[in-house]
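Just so you know, the sequences run in chain order A and B. So for the first sequence, our numbering puts the first residue at 45; every next one is plus one. So for the second sequence, our numbering puts the first residue at 10; every next one is plus one.
Treat the hints as calculated values from the structure; they're not laboratory data. No residue lacks a Cβ here, since even glycine has one placed at the ideal position from N, Cα and C. Please note: incorrect hints may appear among the correct ones.
What the hints assert, rightly or not - So the derived label-pair ranges between C-beta atoms look like this:
(1) Thr213/A with Asp41/B: 37 to 47 Å
(2) Asp253/A with Asp41/B: 53 to 63 Å
(3) Ala59/B with Gln407/A: 51 to 61 Å
(4) Ala47/B with Arg131/A: 44 to 54 Å
(5) Pro53/B with Val267/A: 52 to 62 Å
(6) Ala47/B with His65/A: 26 to 36 Å
(7) His252/A with Ala47/B: 12 to 22 Å
(8) Pro53/B with Glu383/A: 47 to 57 Å
(9) Pro387/A with Ala59/B: 31 to 41 Å
(10) Pro55/B with His65/A: 20 to 30 Å
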Amino acid sequence: MAPLEPHEKVLVDKEFLETEHGEIGCAECHGGNPDAKEITAAHKGMKADPTFPDADQTCGECHEEEAELAKTSLHYTLATYRPMVHRRASTDPKKLDLLDGGMDNHCFSCHASCGQCHVSRPDTAMGGFINGHHFNSKPDQTNQCTACHGSRVGNEFTGQTGQGDVHYTKHDMDCMECHSGKELHGDGKTGHESRYDVQGSAKCSDCHDLDDDVEQHAIHEDVVSCYVCHSQPYANCYACHVGLDSKGLAYYKNPAEEEHLLIGLNPNSDSDRPEKWVLLRRVPAVPTSFDYYGKDLLTRFDQVNNWKYTSPHNIQKVTSQNRECNNCHGNKDMFLTREKVKPEMQKANAPVIVPDDQIPEKQDVPETEKEDAPKKRSYF
Amino acid sequence: MRWKFVLFLLPLVFTAVGTGAEASQCVSCHTDVEQLKAIIKTLPPPQTSAETAGKG
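Pulled out of the complex, with its shape left as it was, chain A reads as follows (with noise of 0.2 Å):
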């Protein structure tokens, strides 16, 4: 993504001002002096994106439901990071502050709102119209969606690491043809532990009706996820320590991410995703992740897996591993066994690491189909 220059951010088109938003006068969403000739006074009480944190008065005026479930939304309320994090943390009160504070910084200085989703690129991303303070419908999947979702997602979907994902690559499909508006505007429920709670999350069976035709879908169904057989390897990363830098400007530290595929036991099972065997994603928390602000704050570190379920947005139909039975069945470089995770993580790891007596038996090169049943469709 191309940055933008500095002028380019706040350069509104002049066709804007004729479209039903571009009808609305500037300060009434975004405060300000609009009589002021002077820089200064023309922008003191401005704000530069009105939809955050809270889209009432603005885009609620006309968008009254999507402002209300916005408040739930993931992407602004970003809820699922502060329980995680605590359930990892000390409880002592001075502890949680300190690392409150941390969180504060850096965590949830990460959010969109309706504003960086429809008319500029995110903060995070140094902000900017995309269009010339034009409204667009649907977000823009370079200057949006992947803005923020680049180094795995993005990636990973356009083909910059591995092969890329073939509904992009073969069938240029974007973020949102699977993303609905009602996935991302949230679903109006708030408790989420993860963002694969939130209704109407998108899934494979959304389109694809399962084939049983195919030998591997009517063995695996239910117990392997998708993601097992059809994605290609992805970004993990291992160690992520932030911190204030002399300026007091907030800094990241990461290792260089690591490519890798690697099933392990589910440990989020539910309904809409039962199978026992899915794909694991190393995250980057570490106990020392947040030592910048105080020692010990995250003493519970073993409470929580850092091994996550994940959902590659890499996706083929052909993969390596889903090429041979025998790629993974008895392969144990394929599954997250106990040797490959730290020491000091595997506590925490328990309920997705794969023991060795649960890793799938090799499998005999398979018979002679018998003449008088059906023979299957097969990708070998």
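Keeping the supplied structure of chain A fixed, place chain B upon it in accordance with the hints.
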């Protein structure tokens, strides 16, 4: 009666023009590329931490 109707409409027209986007100083500046470029030159560049590293 017609003059009464015109009198009724006039304040509405002025109100609409006065608060509309086209009337504001915001618009005259934010639609003028050269003016924005000139202003940007006078502003300090946005700061990001020099310590940020990694690709994650």
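Taking the CB of Pro53/B and the CB of Val267/A, does the distance hold inside 52 to 62 Å?
At roughly 58 Å between Cβ atoms, Val267/A and Pro53/B fall inside 52 to 62 Å, so the hint holds.
Evaluate the given range 37 to 47 Å for the C-beta pair formed by Thr213/A and Asp41/B.
Given range 37 to 47 Å: holds, Cβ gap about 41 Å.
31 to 41 Å was suggested as the range; check whether the CB atoms of Pro387/A and Ala59/B agree with it.
Distance hint for Pro387/A, Ala59/B holds at roughly 35 Å.
That 44 to 54 Å hint for Ala47/B and Arg131/A (C-beta), does it hold up?
Holds: the Cβ-Cβ distance is about 52 Å, inside 44 to 54 Å.
Measuring from beta carbon to beta carbon, are Asp253/A and Asp41/B in 53 to 63 Å?
holds (55 Å)
Tell me if the beta carbons of His252/A and Ala47/B are separated by a distance inside 12 to 22 Å.
For Ala47/B against His252/A, whose Cβ atoms are near 55 Å apart, the range 12 to 22 Å is violated.
The hint says 47 to 57 Å between Pro53/B and Glu383/A; measuring C-beta to C-beta, is that right?
Taking Cβ atoms as reference, Pro53/B and Glu383/A lie about 52 Å apart, which means the hint holds.
Verdict for Pro55/B, His65/A (Cβ pair) under range 20 to 30 Å
Since the Cβ atoms of Pro55/B and His65/A sit about 26 Å apart, the hinted range of 20 to 30 Å holds.
Regarding Ala47/B and His65/A, is the given constraint of 26 to 36 Å on their beta-carbon distance met?
Taking Cβ atoms as reference, Ala47/B and His65/A lie about 27 Å apart, which means the hint holds.
Taking the beta carbons of Ala59/B and Gln407/A, is their distance inside 51 to 61 Å?
Holds: the Cβ-Cβ distance is about 54 Å, inside 51 to 61 Å.
Going down the numbered hints, you'll see the structure goes against just number 7.
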